[in-house]
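Enquirer: In case you want the letters, here they are:
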Amino acid sequence: MRVILALAVLIFGSTGGEIAITYGMKATGEPARLRPRALLQFLGRAVCNGWFWAGVPLMALSFYSLLVLLSWEPISLVIPASALSYVVGTLGAKYILGEQISPARWAGVLLVCAGVALVAAG
Amino acid sequence: MPNEKRLRVKTLVMVLAMVVCANSGDLMLKRGMSQIGAVQLNASGLAHAFRLTVTNGTIWGGIFFLTGFMISYMTVLSWADYSYVMPAGAFGYALLTLLAVVFLHESVSPRRWLGVVLICAGVLLVGQTKPRTTAVTSEAVA
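Protein chains in written order, with my numbering: chain A, 1367 to 1488; chain B, 4 to 145.
Hints are computed from structural coordinates only; laboratory data are not their basis. No false leads were slipped in.
For the chain A half of the interface with chain B, some residues (derived, Cβ under 10 Å), not all of them:
1. 1390
2. 1395
3. 1396
4. 1397
5. 1412
6. 1451
7. 1452
8. 1455
9. 1460
10. 1466
11. 1468
12. 1474
13. 1476
14. 1479
15. 1480
16. 1485
Label-pair ranges, simulated between beta-carbon atoms:
17. 38/B / 1423/A: 28 to 34 Å
18. 38/B / 1369/A: 28 to 34 Å
19. 127/B / 1453/A: 17 to 23 Å
20. 1464/A / 23/B: 28 to 34 Å
21. 41/B / 1462/A: 37 to 43 Å
22. 1453/A / 117/B: 15 to 21 Å
23. 1469/A / 110/B: 32 to 38 Å
24. 1434/A / 40/B: 21 to 27 Å
25. 1407/A / 53/B: 29 to 35 Å
26. 1443/A / 66/B: 28 to 34 Å
Anything over 10 Å on all C-beta distances counts as not near chain B; from chain A, calculated:
27. 1367
28. 1369
29. 1373
30. 1378
31. 1426
32. 1434
We put the CB at the ideal spot given by N, CA and C, even for glycine.
My request is simple: use the sequences and hints to build the entire structure.
Expert: Structural data, given as structure tokens:
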């Protein structure tokens, strides 16, 4: 039970954090140019966005949960299980960020999820 | 459409930068921490480990690359879909396996090879889709 709970914190923390950061970055808008000066101004605007700072603690929570899980269970179980975050992240992208997930993208996400689970299981 | 192509190329370049920075950063951190050795979990042990980490060049290299990862990740998410970037970034797992075989001569189990094949197929499929499906919220005027 506690493993499932920690896994849920890991998955929802990381995807929630990444979705918040994506939201913040979309609100920031893309940099005018990919030059150092323009990039610095862009990063400055990004860290002034509240959504960015909503994402960071969520990701830190998720990382802490990963450390706790690794102290309970072997890495060959923890990382494959965390590959579920690809599916959770895609659902979040669809329903929270309003991205269109075509059948090809869904198929690709599922293949990546299975592949990461297999690679991490060794 | 040239605009569409430009979007695709700059997204792919950024995702590649993300993957290279994340993998190099992780490898350097791991190498740096193994130079330091196991950390004792008490006040003097942690203080000692802290002194060793901030004076270790390999660890600073790792931090440099992980900062590069964060910057390229934030930059690509300012224009591309999260559901495009996230699976595409998994290409790193496949790349790490290939590097381990070529440079470290590690043996890889058939199960892991199957995983690499699935990841590559999945990344290729996602790569075919449009990198951005949402409206542009604000075009930066800098």
